[in-house]
Amino acid sequence: MSELLHNLNPEQLQAVTLATKDENGNAQSALILAGAGSGKTRVLTTRIAYLIQTGQISPIGILAVTFTNKAAKEMLARLSGMMPINTRGMWVGTFHGLCNRLLRAHFNDAGLPSTFQILDTQDQLSAIKRLLKSLKVDDEKYPAKQLQYFISNAKERGNRPKDMSPADEFQGVMIRLYQAYEEQCLREGVVDFSELLLRSYELLKHNEPIREHYQRRFRHVLVDEFQDTNTLQYAWLKLLSGHSTSHPACVFAVGDDDQSIYAFRGADVANMRLFEKQFHPLTVKLEQNYRSHANILDTANHLIAHNKERLGKNLRTDAGHGEPVRLYEAASDGTEASWLIDEIRNLINDGMTRSEVAILYRSNAQSRIIEHGLFSAGIAYRVYGGLRFFERAEIKHALAYLRLMENPNDDTSFSRVVNFPTRGIGARSIEALQDIARTQQSSLYAAASFLEGKPGSSISSFIRLIDHMRDATRKNTLPELIDYVIQHCGLIQHYLAEKEGQDRIENLQELINAATAFVAEEGLGQDAVALTPIELNTSLPVEPLFDTQGTASTTPTEMSPLAGFLAHASLEAGDNQAQAGQDAVQLMTVHASKGLEFKVVFITGLEEGLFPHENSINEPKGLEEERRLMYVAITRARDRLYLSHTQSRMLHGQVRYNMPSRFLEELPKECLKLLTPKHSESRWGNVARQVNPSWGNASLGHDLPTAKSFSKTSVIVPSTKSNNDHGFYVGQNVFHPKFGEGRITGFEGNAPDTRAQVNFARHGVKWLQLSIAKLTAI
DNA sequence: CTCGGTGCGGTTTTT
DNA sequence: CCGCACCGAG
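Per full-length UniProt numbering, the first sequence starts with residue 1, numbered consecutively.
Just so you know, these hints were derived from the structure itself, not from any lab. Quantities reported herein were computed from a predicted structural model and do not represent experimental measurements. One or more of the hints may lead you astray.
Simulated pairs of lysine to any residue, SDA-like, Cα-Cα distance not exceeding 25 Å [said to hold, decoys possible]:
no. : residue 1 : residue 2
1   : K594      : K133
2   : K396      : L186
3   : K133      : H372
4   : K396      : R217
5   : K673      : A305
6   : K599      : D575
7   : K599      : P421
8   : K133      : T439
9   : K238      : R217
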């Protein structure tokens with residue numbers, strides 16, 4: 001025990017050892033406000049170990065929930081490092097993974113077939129498109145994307161169609177489409193991501209024996225990244241933890257309101273305050289930071305202090321001031337990239353490990369020019385984001401064959417592969433199938449089987465193929481099965497004939513390896529493990545648990561390895577790291593960087609409209625979230641932090657002149673070191689003084705043999721001469737008595753009606769007639 | 001069915 | 001500017 005706790009600082013120790021009962025002997029919940037780099041995961045896992053080792057709970061009485069598979073894996077790994085326990089029986093996983101586990105165990109009570117499949121976001125969208133088509137809905141008026149958003153949103157608020165009342169006709173249609181979508185999913189035996197949550201919530205809510213069972217089992221519920229929970233997840237936790245019952249569990253929530261950056265996908269920081277109000281937790285703040293030097297932390301603290309909606313927290317460190325935060329103003333995105341590359345090259349020459357250097361940006365579009373520069377300079381880099389393994393088209397195709405074998409009602413999978421590779425089943429035949437399916441209320445597969453009257457037809461041979469593969473692999477192991485299917489379904493042959501099919505074939509081979517790993521690592525499959533009857537540890541004060549008589553339908557189910565693997569594939573899309581293992585500079589969005597740390601961090605594109613993003617600028621909530629995003633970015637850096645912005649940037653095919661980000665002004669000057677001296681004279685520098693005719697090539701400082709688009713974007717030389725009668729030029733910094741400072745981004749019309757487009761720092765883009773507006777150069 | 005043209009839209013992303 | 005979704009021709 002002592003070695004478990006002796007490395008903790010006082011606040012961590014306090015958090016880990018918080019009482020589990022209040023003065024009245026009731027369960028006591030806790031809220032840990034864990035700042036960036038304060039040892040959050042450590043506290044969470046040590047808390048679990050502490051509870052177990054002090055005999056307060058058996059491992060089976062613990063439920064720990066995270067948002068990502070990565071976090072769940074890390075937690076399990078750390079736990080097994082701390083204690084000699086078998087983590088298999090523990091419920092540690094993502095919200096979706098745990099819900100899946102719950103629904104697999106109680107599929108019957110949840111109203112699902114035992115073979116239910118999980119739709120990922122792509123699958124869901126294609127299911128919706130199919131639905132709209134079959135209902136002959138005008139998809140101009142009711143776009144599939146929008147319906148998808150509508151449905152997810154409704155579910156994440158816990159709403160079924162019947163719970164919703166339309167405010168207008170449009171909503172009325174959306175609700176009816178939502179209803180139809182539900183019917184389709186049920187008919188096909190599929191559930192989408194939000195459905196996993198909602199359905200398991202409803203299962204617990206409406207089925208008393210099951211609810212009682214889990215409430216009495218899980219005496220300790222621990223939640224990671226609590227600030228990222230949405231309404232439904234909060235309700236799920238509240239229900240599962242038996243809040244407001246006679247036997248509530250202890251909820252241990254760990255989060256950081258300052259790092260809440262997912263409101264756009266439904267996360268609601270307000271859940272933290274709600275939790276305080278409803279659970280009356282003991283609160284501990286972890287403010288000791290073990291990651292960054294003081295200059296970096298001060299910068300972060302100073303920035304985030306501008307947010308009004310905070311629970312309040314300030315990071316501190318014992319590390320020294322360290323280096324100042326470096327700020328660079330570039331003339332264009334091209335020069336920003338070349339400066340970055342020069343700096344990185346110097347760092348590498350000084351012995352810096354590439355993978356300790358991260359380049360962060362607000363949006364993915366910014367990576368292109370940086371990648372180009374790195375590539376030309378021959379610096380290995382890795383971009384995070386993009387397609388992950390199980391999202392690749394060829395993998396999705398192979399999985400669709402497998403899913404169809406497992407669940408013939410899965411029309412999404414049927415549609416995906418019925419004519420891929422092409423076997424002469426065109427839109428006409430599929431429409432015919434859909435008609436039959438609709439009239440007899442059956443799946444496409446059943447409709448196709450119905451057509452077996454025409455034995456020679458392409459459709460019936462497709463059905464025979466699926467049936468044959470199912471029969472032929474009945475006795476095979478999972479990897480053998482998958483091997484057989486990819487060999488026989490025609491995908492390999494198809495890609496062999498394709499010019500660039502080799503990579504895809506390799507990925508298909510990799511799928512077999514993934515299955516091998518799945519079988520080896522997970523045994524039956526961690527997510528898929530059927531509910532094992534709970535062994536009672538009589539030495540622990542655990543209440544009677546499993547009433548097998550009363551809940552006959554909760555009998556564990558044998559799940560096929562294939563079903564387990566398919567669920568795994570949907571729930572864990574896999575890595576998206578291109579060349580893992582290689583020492584490479586890390587490129588990613590700020591969002592993707594959350595939870596990571598690097599010795600050196602570059603935050604690029606700190607410009608109004610980009611960061612903060614223009615879509616967020618107008619609402620205070622949006623702006624505060626952008627600021628938190630900046631806070632996350634800053635706190636990724638251990639030793640050195642670079643910030644950069646540019647005067648001009650190519651975006652959406654045109655050059656934009658952005659003002660420096662307002663966030664730059666919110667940083668403490670004493671922590672900053674300006675790398676561009678001009679910066680100190682004028683807040684944004686002065687384009688005229690910085691103009692250099694060699695922009696775009698010579699100033700890159702190294703040869704760029706293939707820098708075609710590079711020079712295209714960086715040869716943006718704002719006209720310095722005022723070859724017109726008003727004397728203003730694009731890129732010029734100007735002052736307006738009402739709108740303040742801004743930069744000219746364009747002109748239109750001729751004197752005396754010439755109008756200038758000005759991007760004002762505080763008022764956005766305006767068109768001003770030069771003969772009227774009192775515009776002065778600064 | 002496949003290829004090539006056009007037109008449009010374009011933050012952030014995990015499950 | 002770039003990627004896609006959709007449409008019409010072969």
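Note to self: For K599 and D575, compute the direct alpha-carbon distance and say whether it is at most 25 Å.
What the structure shows: 23 Å, holds
Next item on the list: Starting from K133, check that the Cα of T439 is at most 25 Å away, please.
Entry: 16 Å, holds
Item checked: Restraint check for K599 with P421, where alpha carbons must lie at most 25 Å apart -> Roughly 48 Å between the alpha carbons, so the hint for K599 and P421 is violated.
Next item on the list: Below or equal to 25 Å on CA atoms is what counts here, so check K396 against L186.
Entry: 21 Å, holds
Checklist line | Holds or violated: K594 to K133, with C-alpha atoms at most 25 Å apart | finding: 40 Å, violated
Check: Do the alpha carbons of K238 and R217 lie within 25 Å of each other, as the hint requires?
Finding: 15 Å, holds
Note to self: Check the hint pairing K133 with H372 against an upper bound of 25 Å on the C-alpha distance.
What the structure shows: Given that 25 Å is the threshold and the Cα spacing comes to 42 Å, the pair is violated.
Notebook entry, point to check: Within 25 Å, alpha carbon to alpha carbon, are K673 and A305?
Noted result: Given pair K673, A305 holds - Cα atoms ~21 Å apart, limit 25 Å.
Next item on the list: Measure nothing beyond the straight line between the CA atoms of K396 and R217; if it is 25 Å or shorter, mark the hint as holding.
Entry: The given pair, whose Cα atoms are some 37 Å apart, is violated under the 25 Å limit.
Violated hints, listed in ascending order, are 1, 3, 4 and 7; each of the other numbered hints is respected by the structure.
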